[in-house]
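For reference, the chains in residue letters:
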Amino acid sequence: MLNVFMLQWKRLIKQPLLVLLFIGLTVLFVYFMGGAQINSTVKIPVYSETLTEAELTDWIERLNKDASIIFEPTDYETAKEDIRMNEIGFALELEEDTYRILAGRQDEQLPVIEQQLNQILTEQFRLEEVRKEFPTSEIEVKDFITLLESQLVETGSAQTQYQLQILVGMAFYFSVYTILFLQISLVEEKRMGTWNRLIFSPISKTKLYLGHLSYYYLVGLVQILLSFYILTNLLGIDLGTNYLPMAAITLAFLFAIVSLGILITALVPSPQSLQVVIPIITTSMAMLSGAFWPLEIVSNRFLLFIAELMPLKHGLQGLIDAILYEPSISELLQPIGILLLMGILFMGSGINLMERVSKT
Amino acid sequence: MIEVKNLGKNFKKKIAVDDVSMYLDEGESVGLLGPNGAGKSTTISMISTLLPPTKGTVKYNGKNVLKEPEELRPILGVVPQEIALYEELSAYENMSFFGKVYGISGKKLEDKIQETLDLVGLKERQKDAVETYSGGMKRRINIAVALMHDPEILIMDEPTVGIDPQSRNYILEMVRKLNRERGLTVLYTSHYMEEVEKLCDRVYIMDHGQIIASGTKEELKSILSNEETIQIQVEETKSEFRDLLSSQEGVNQVLEDEAGYNLIVSKGEQLLGEIFDHAKQANIKIIGIHVKTPTLEDVFLHLTGRKLRD
Numbered sequence: 011m012l013n014v015f016m017l018q019w020k021r022l023i024k025q026p027l028l029v030l031l032f033i034g035l036t037v038l039f040v041y042f043m044g045g046a047q048i049n050s051t052v053k054i055p056v057y058s059e060t061l062t063e064a065e066l067t068d069w070i071e072r073l074n075k076d077a078s079i080i081f082e083p084t085d086y087e088t089a090k091e092d093i094r095m096n097e098i099g100f101a102l103e104l105e106e107d108t109y110r111i112l113a114g115r116q117d118e119q120l121p122v123i124e125q126q127l128n129q130i131l132t133e134q135f136r137l138e139e140v141r142k143e144f145p146t147s148e149i150e151v152k153d154f155i156t157l158l159e160s161q162l163v164e165t166g167s168a169q170t171q172y173q174l175q176i177l178v179g180m181a182f183y184f185s186v187y188t189i190l191f192l193q194i195s196l197v198e199e200k201r202m203g204t205w206n207r208l209i210f211s212p213i214s215k216t217k218l219y220l221g222h223l224s225y226y227y228l229v230g231l232v233q234i235l236l237s238f239y240i241l242t243n244l245l246g247i248d249l250g251t252n253y254l255p256m257a258a259i260t261l262a263f264l265f266a267i268v269s270l271g272i273l274i275t276a277l278v279p280s281p282q283s284l285q286v287v288i289p290i291i292t293t294s295m296a297m298l299s300g301a302f303w304p305l306e307i308v309s310n311r312f313l314l315f316i317a318e319l320m321p322l323k324h325g326l327q328g329l330i331d332a333i334l335y336e337p338s339i340s341e342l343l344q345p346i347g348i349l350l351l352m353g354i355l356f357m358g359s360g361i362n363l364m365e366r367v368s369k370t
Numbered sequence: 004m005i006e007v008k009n010l011g012k013n014f015k016k017k018i019a020v021d022d023v024s025m026y027l028d029e030g031e032s033v034g035l036l037g038p039n040g041a042g043k044s045t046t047i048s049m050i051s052t053l054l055p056p057t058k059g060t061v062k063y064n065g066k067n068v069l070k071e072p073e074e075l076r077p078i079l080g081v082v083p084q085e086i087a088l089y090e091e092l093s094a095y096e097n098m099s100f101f102g103k104v105y106g107i108s109g110k111k112l113e114d115k116i117q118e119t120l121d122l123v124g125l126k127e128r129q130k131d132a133v134e135t136y137s138g139g140m141k142r143r144i145n146i147a148v149a150l151m152h153d154p155e156i157l158i159m160d161e162p163t164v165g166i167d168p169q170s171r172n173y174i175l176e177m178v179r180k181l182n183r184e185r186g187l188t189v190l191y192t193s194h195y196m197e198e199v200e201k202l203c204d205r206v207y208i209m210d211h212g213q214i215i216a217s218g219t220k221e222e223l224k225s226i227l228s229n230e231e232t233i234q235i236q237v238e239e240t241k242s243e244f245r246d247l248l249s250s251q252e253g254v255n256q257v258l259e260d261e262a263g264y265n266l267i268v269s270k271g272e273q274l275l276g277e278i279f280d281h282a283k284q285a286n287i288k289i290i291g292i293h294v295k296t297p298t299l300e301d302v303f304l305h306l307t308g309r310k311l312r313d
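Line by line, the protein sequences give chains A and B. Each residue of the first sequence is one higher than the one before, starting from 11 at the first, in our numbering. Each residue of the second sequence is one higher than the one before, starting from 4 at the first, in our numbering.
Treat the hints loosely; a few may be bogus.
What the hints assert, rightly or not - No more than 30 Å apart at the CA atoms, straight line, and that leaves these computed lysine-lysine pairs for DSBU-like: (1) B:K103 - A:K200; (2) B:K201 - B:K224; (3) B:K295 - B:K201; (4) B:K224 - A:K217; (5) A:K217 - B:K111; (6) A:K20 - B:K126; (7) B:K8 - B:K62.
The hints are simulated quantities; they were obtained by calculation from the structure and are not laboratory data.
All chains should be built: construct the whole structure from the sequences, respecting the hints.
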């Protein structure tokens, strides 16, 4: 078994392009899909025609306490010119007790930012009124509803969740690609006769399969770990320290995918057809399982039911839960159990079918 | 050594091999001759325990290898028709891997690799990736890998398909050497009559899944002991000439190919005069004429009415 396992690695070292390509694609996709969102703090130019420069600076300091939006001082003419030249989408005009937004075009961020602005400025205007009423008193802002806030601290913000969704989704998605594509070599070995040569050797068929399967498994694992390592360092995404449950769900997921690969190669025993079938299966599975977007936005019951049948859905959800909520392994038994069950079913039927085909 | 009885294989409703019986004695070289699609590869796949037969038995030293394949497999070296190698790896790496799976290691493995590379004449190119080899070199490594564990029986499935004459001769000489000098038992399948004629002591002729004739080369040729072949080379073939030849008394069979005609005639018949007369009548220009003793090709032609490579 070890000889077969080592031989596959030797072959990979001679032709590493496929695996390197998929690791590269994972990094690229996560960086542009998740990474672009991570660093995108919105900058809003602010000007005023009624406030003094000191008053405007004071306002901007107070407004900048929210880290997701950065307010920068400007003047009306510059703001107008920048909007005209399409360099900015909109600017904020502050008055003593109100505000206006100067917008040059329809901007998809505008409603969201306006809502946030409204919240921040209304609070600031109220504080200003209170300060005017009690000029000598110290004003302290207290949060009355703390329950929701503590929940948010624990689970991370929606943005963090989105980044995680993309990171885990893409890393898993491309690992499925790699594993399934590598398994084409099993079909090729059977076609070109090297498999039969090994059948004559003293190696048992079980060891022969194990040598191959453990290799696909390990390549998938290395790819996921490398993707996580590169991306967490590159983008600063925190995966937490709940390592054991994270490892358990990842290993169960890989088992299910390697087994799924065996079933697919048994059903489609031609390398050319597999090269067509694998991208179709992988991409549709990723779409249905929420690797590209959160499943929460899907309302169609049939699609949600189909997602339940996908190992990627359980792996993805399980790992995101393991990172965000830090459960113990026993709390993740359901997704782990489902993945293992799927793996056993796929593997059993796949190998059975493959052996039956080779005997006819 | 190996005894095959009433072996048969059906693929759904298609009969690929039908009631094949044969035997292989220790140290002999046996040919399985037949055109493409005759069932040769299916037969040797069943003999080598890769494919379960629909019916029949294969015995090795009296033991049914279909039930106990582990009895036969370790002493079997199989050279498949395909290049069954990891082409991105070098010849050395391929041989080392297949040696290791047979439990050979250390100095013994190294010695065996060098000895086998020497035999196939590829010692200098051993570190190059197989994918950079010519067709003939790939075929030689394909054989070398099958020899790594010192098999007692070598089953070769058309090992010279698609290679140049020089490489083919090299392979044939090598197989002959293995058989004569090392006493390796060889089962050699081919549709090249001249290869089987050169290498094998006994021959089985297969067509449409059945053994249609068997015996030593001499025995098979004696089927045609009362006949001989006249090869006529013409500038251009004409159906009129063929009809005239077919109706000629003493001509048993006429076969047309791109070069001309092959006539199987009764031995001792003096037909040259008549042939020239028919050519004149059909306005055919004869380029050459050759009377020869029968070959296995002629035997196949006689038995099936077709040429081996039709």
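Structure-based check of each hint:
Proximity of K103 of chain B to K200 of chain A is assessed by CA-CA distance (about 20 Å); at most 30 Å being required, the pair is judged to hold. About 14 Å separates the Cα atoms of K201 of chain B and K224 of chain B, which keeps this hinted pair within 30 Å; it holds. About 18 Å separates the Cα atoms of K295 of chain B and K201 of chain B, which keeps this hinted pair within 30 Å; it holds. For the given pair, K224 of chain B sits about 49 Å from K217 of chain A by alpha-carbon distance, which is inconsistent with the 30 Å threshold.
Between K217 of chain A and K111 of chain B the CA atoms are separated by roughly 24 Å; this keeps the pair inside 30 Å, and the hint holds. Taking the CA atoms of K20 of chain A and K126 of chain B, the gap is near 22 Å; set against the 30 Å cutoff, the hint holds. Of the supplied pair hints, the one linking K8 of chain B and K62 of chain B holds, its CA atoms being roughly 8 Å apart against a limit of 30 Å.
Comparing the model with each numbered hint stated earlier shows that hint 4 is the single one that does not hold.
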